[in-house]
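**Q** Chains D and U supply the protein sequences, listed in that same order.
The first sequence begins at 1 in my numbering and counts up by one.
The second sequence begins at 108 in my numbering and counts up by one.
Hints were generated in silico from the structure; no laboratory data involved.
No experiment lies behind these values; they were computed from the predicted model shown.
For each residue, glycine too, the CB sits at the ideal point set by N, CA and C.
One should not assume that every hint holds.
[Stated by the list, open to error] Here chain U is said to cover these stretches of chain D; the calculated rule only asks that three of the stretch's residues, wherever they fall, bring their Cβ under 8 Å from a Cβ of chain U:
hint	segment
1	8-15
2	18-31
3	50-64
4	72-85
5	99-105
[What the hints assert, rightly or not] Facing chain D, a subset of chain U residues (Cβ under 7 Å, in silico):
hint	residue
6	131
7	132
8	134
9	170
10	172
11	285
12	287
13	292
14	306
15	326
16	335
[Said to hold, decoys possible] Partial selection, computed: residues in chain D whose CB lies under 7 Å from chain U:
hint	residue
17	4
18	39
19	43
20	44
21	45
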Amino acid sequence: MLWAVLIGGGLITFSLRWSFLALVDHLSLPPTVRRALRYVPVAVFSAMAWPPVVIVSQGIEIGPGNLRLWAAIIAALVAWKTRNVLYTVAAGMLVLLGLSMVTGSAV
Amino acid sequence: MTFRACSPLLRDDARAGARAMLPLIVSILPFALIVGVVAVRLGYAPWVASAFSLFFFAGSSQLAAMQLLMDGTPLAIILLTVLFINLRFTMYSASIAPWLRGAGVWVKMLMGYTLTDQPYMLSLYAFDQRPALSRRVAFFLGGALPFWLSWQLGTLAGALLGSRLPADWGLDFSVPLTFLALLAPAIVDRATLAAAIVAAIVAVLAHTLPWNMGLIVGALSGIAAGVVVSSLSPQGSRP
Chain D
1 MLWAVLIGGG
11 LITFSLRWSF
21 LALVDHLSLP
31 PTVRRALRYV
41 PVAVFSAMAW
51 PPVVIVSQGI
61 EIGPGNLRLW
71 AAIIAALVAW
81 KTRNVLYTVA
91 AGMLVLLGLS
101 MVTGSAV
Chain U
108 MTFRACSPLL
118 RDDARAGARA
128 MLPLIVSILP
138 FALIVGVVAV
148 RLGYAPWVAS
158 AFSLFFFAGS
168 SQLAAMQLLM
178 DGTPLAIILL
188 TVLFINLRFT
198 MYSASIAPWL
208 RGAGVWVKML
218 MGYTLTDQPY
228 MLSLYAFDQR
238 PALSRRVAFF
248 LGGALPFWLS
258 WQLGTLAGAL
268 LGSRLPADWG
278 LDFSVPLTFL
288 ALLAPAIVDR
298 ATLAAAIVAA
308 IVAVLAHTLP
318 WNMGLIVGAL
328 SGIAAGVVVS
338 SLSPQGSRP
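With the rest of the complex left out, here is chain D (with noise of 0.2 Å):
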């Protein structure tokens, strides 16, 4: 079984990625999907990067005890001002870390 999810999953996602460039050169895209394409990073990234702050076992949770939501909102306005991906990730880290150990609770 551990070599079927192995193999299997492993061709799913190598085909996924290699889906459109092994196409690229064999058809034109029509221009609304092209401009559709423009939006993928943005909504992507956005739709990664939400659901683990705000979602917690019971249940989305946002609010002042979501110590996860201050850490992303500081890191969110780091990543703005410095559009720096190390100054983001370690303003997001310590943010919750130290509010973690400020407010005793886990992180």
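Use these hints to put chain U onto chain D, whose structure you have.
**A** For chain U alone, coordinates are given in the frame of chain D:
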């Protein structure tokens, strides 16, 4: 074609790719360690953790697959989950493909294998300034190959260090933070802002969907919002 034999310009592009990738490598290492630690905590041997990194090279789907497999989930469900978590790579593939028109099959397969979030993020910003295909390939691989290696070594290290590393330090938070770091500069006008907001809201609301479909639904909604807002204003998308 060895690295030495490349034209100096290509070597510069490869080095530029590596340099640009460095901060992203540093920020992914905690996550790589965690993936290795979780593997051994779940009961896998370290070589299995490495095997997942080698076959998948996609952290969040590795975690999901390892967990589901240990839970006795049917193979089809595991594969479906992996499919949906990694479906975003198809969008990356589509968005990066026009820049690679004319590249050789093997090159494209190598780039495909290493096409994950971070090499994609970097390439978007760098391909613009590189009119030659070979320079784009050099930049991409210059960053993607070290990133791939770091991931392999990181997960292995995590698996070997195993119980020595506390998995509850919230180190996995570095992953959404990395996405935040790259999200901010991607918002350049009303359309991209709309895309970001809608994607976040929908992805959060849809998080209970099975097989991680919430991510895809959120991303597609965000893309739709971006297209709609960009077509509303006359010039397309002024801030």
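**Q** State for each hint whether it applies.
**A** Here is what the structure says about each hint:
no.	hint	result
1	8-15	holds (count 6)
2	18-31	holds (count 9)
3	50-64	holds (count 7)
4	72-85	holds (count 8)
5	99-105	violated (count 1)
6	131	holds (6 Å)
7	132	violated (10 Å)
8	134	holds (4 Å)
9	170	violated (12 Å)
10	172	holds (6 Å)
11	285	holds (6 Å)
12	287	holds (5 Å)
13	292	holds (5 Å)
14	306	holds (4 Å)
15	326	holds (5 Å)
16	335	violated (10 Å)
17	4	holds (6 Å)
18	39	holds (3 Å)
19	43	holds (3 Å)
20	44	holds (5 Å)
21	45	holds (4 Å)
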